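K.L.:
Below are the chains, spelled out letter by letter.
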Amino acid sequence: MTERRGLTSRLVEWFDSRFGLSHPLFRPVPEYALNPFYWLGALAVVAFVIQGVTGMILMLYYIPSPTQAYSSTSYIFQSVSNGRFLETVHLYTAYAMIMLAFMHLMRGYFVSVHKRPREAMWLVGMLMGFVTLGFGFTGYLLPWTVVSKSATDVGVGMVSALPQPVSSLLTFLIVGGGGDTAELLRFFDLHIVVLPAAILVLLAVKMYMLETHGVSEPNSGQPLSSSSKLHPIFPDVTLYLFELSLIFGAGMLLLSAIFPVTLPPEYTPAAAATYTAQPDWYFLWIYQVLKVSVFEGPTGLAAALSVVTFVFAVLILLPFLDRGATRNISRRPLYTTLGLVFIAEVLVLSYWGYITPGAVIPTEQAALVIGGTALLISLGSLVVYRFLYSRAKSRLLTAPASLLPRTEAWTGVAFTILVGAGALAIGSSVNQLVSLALDGYSLLGIAGLAASLLGLGLVVLATAFLIYRLDLRTGTIGRRVAFLEAGWKNE
Amino acid sequence: MLVALQVTATLLLWFLNPITQSQTDTFALYLSVDLVSFAMLSYQYRVSKQGGQPSQPWLVVGYLSLIVLLSSNLFVV
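Note that the protein sequences, when read in sequence, are chains A and B.
For reference, each letter of the first sequence is one residue, going 1 to 491 in the numbering used here.
For reference, each letter of the second sequence is one residue, going 1 to 77 in the numbering used here.
Just chain A, same shape as in the assembly (with noise of 0.2 angstroms):
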């Protein structure tokens, strides 16, 4: 007697057959891999879906024309059924795309995705990161308002700082033979072709090398069960996904409905002379660097660009730096310190660029927030790791003598004065080298430049005198460097 299958399986089944969703090109996913985490690409992914679908039907009021862009991009506020609902959606699902992108980067960089033999899946996925900004960046300009055309042109004025033939390519890919016109078409024509192929394209490299490779094991460092349960791609996976589709949608129709976006004025000449130019919050880390005061004038544009460049190219090459076998997070802190840190600053600088539209940051300031920042961040994560090694102290060491605990938190105390100190000292001594090369040679000056530098070399006298005081009275660094050592040679 056969069995009575319900209507929905029956439907799922009909879509099986002929689709082929369930077929063993598809390698099924475990268990483990059904957690929100593991799907911040995809849903990056549904961002972009969505970008689409809503990008088709703005185009049908659009005007790629300086003299039209903002009008049309007007009357979709005011005429267009549900225009300024569209738009909105349209603006903040762009922002979750890179949102969801910069998580997916963070979450894979800190569960080691970027080792053998996913080497090459992190370079495409890299890539992908940089043409989803590449659309926030071309789409900022369309609407044609005062803020997009100001930001814009102060990114546009970045590029001639780069070096040739990067720079000469570039601007020509841009802004064409120049003018308004030719740099809107070309946005539009990057917007909504050219970057949505290059997108797609590397979409199936990386989905091909995902199927290759599958997904990533959790880096707990405890084997996995070897019976752990597969999930097929249709219709479990496909379900899954599709359940996390639904609620990042529910998301942003309801982020949109509650803060509708106003369209800014129109851009004239007139207007961005009193306008302070301020890029889209993702850029702001980027600008506030160039904002810094030793970074002014074209040299020091170009040193500040290559700053930005110089960690741009530190991710691009994770892959080949950080080589250890290991992914455990718990056996990884420099790399862990150094991603915290990373995210910290990307944070703290985009909010003091927030509140600092146009302000010149003097260095010492900058020193101090920056320095400051990966100071706290690097104490915290110490804290956690000297907790996580003293549990596993007792497992690779004999017991050694414990320290005081007040002796340990004087030290703590020691090392945060002297590491602030030293910061200050290195931002006061920067400022003066500046303020001697720019104003020319003073008595105040290199007074001021002598004390800086003294006060440097005390700094770094007391933190060596601290460190030989420790160990000397507790044999602490040894131990640690012992214990240390023996971490890196489990890796």
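No wet-lab data here; the hints were simulated from the structure.
Every value quoted in this text rests on a predicted model; they were computed, and no experiment measured them.
Each residue gets a CB set at the ideal place from its N, CA and C atoms; glycine is no exception.
Careful: at least some of the hints might be erroneous.
[Stated by the list, open to error] These stretches of chain A come out as covered by chain B in the derived footprint (C-beta under 8 angstroms, 3 or more residues):
(1) 52-66
(2) 231-238
[To be verified] For lysine to aspartate or glutamate, the following EDC-like pairs were computed, each having C-alpha atoms within a straight-line distance of at most 20 angstroms:
(3) B/K49 to A/E31
(4) B/K49 to A/E13
(5) B/K49 to A/E119
(6) A/K206 to A/E119
[Unchecked claim] Partial pick of chain A residues on the chain B-facing surface, computed with a CB cut under 10 angstroms:
(7) N82
(8) V89
(9) H90
(10) F242
(11) E243
(12) L244
(13) S245
(14) G249
(15) A250
(16) A302
(17) S306
(18) F310
(19) V311
With chain A held as given, fit chain B onto it using these hints.
P.N.:
Showing chain B alone in chain A's frame:
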């Protein structure tokens, strides 16, 4: 109950003509109700097909969010 809620929300969306801001807000709210209830249905179907039980906390969160969304409509001006 979820299916009934979805049908009701869909009918309301069909007949709603969002011209003013408040009508657009109502449209977004009811569409969100549709999406969330559809997600809950899919979750219960998927988990039961896998031989498990739907997580009670997640179901409570889902139903609470539906109640909040439906009641928010009363505050739309």
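K.L.:
For each hint, tell me whether it holds in the structure or not.
P.N.:
Hint check results:
1. 52-66: violated (count 0)
2. 231-238: holds (count 3)
3. B/K49 to A/E31: With Cα atoms ~14 angstroms apart, B/K49 and A/E31 stay inside 20 angstroms; holds.
4. B/K49 to A/E13: 13 angstroms, holds
5. B/K49 to A/E119: Not satisfied, since the Cα-Cα distance of roughly 36 angstroms exceeds 20 angstroms.
6. A/K206 to A/E119: Holds: A/K206 and A/E119 sit about 11 angstroms apart, inside 20 angstroms.
7. N82: Status holds, d = 6 angstroms.
8. V89: This hint holds: A/V89 lies near chain B, its Cβ roughly 9 angstroms from the closest one there, short of 10 angstroms.
9. H90: 14 angstroms, violated
10. F242: 6 angstroms, holds
11. E243: Holds, about 4 angstroms.
12. L244: With a closest approach of 8 angstroms, the A/L244 hint holds.
13. S245: 8 angstroms, holds
14. G249: Hint holds; A/G249 Cβ to chain B Cβ min 5 angstroms, cut 10 angstroms.
15. A250: The hint holds - A/A250 has a Cβ within 10 angstroms of chain B, the shortest such distance being about 4 angstroms.
16. A302: 47 angstroms, violated
17. S306: Interface hint status for A/S306: violated (45 angstroms vs cutoff 10 angstroms).
18. F310: Nearest chain B Cβ about 43 angstroms off; hint violated.
19. V311: This hint is violated: A/V311 lies away from chain B, its Cβ roughly 38 angstroms from the closest one there, beyond 10 angstroms.
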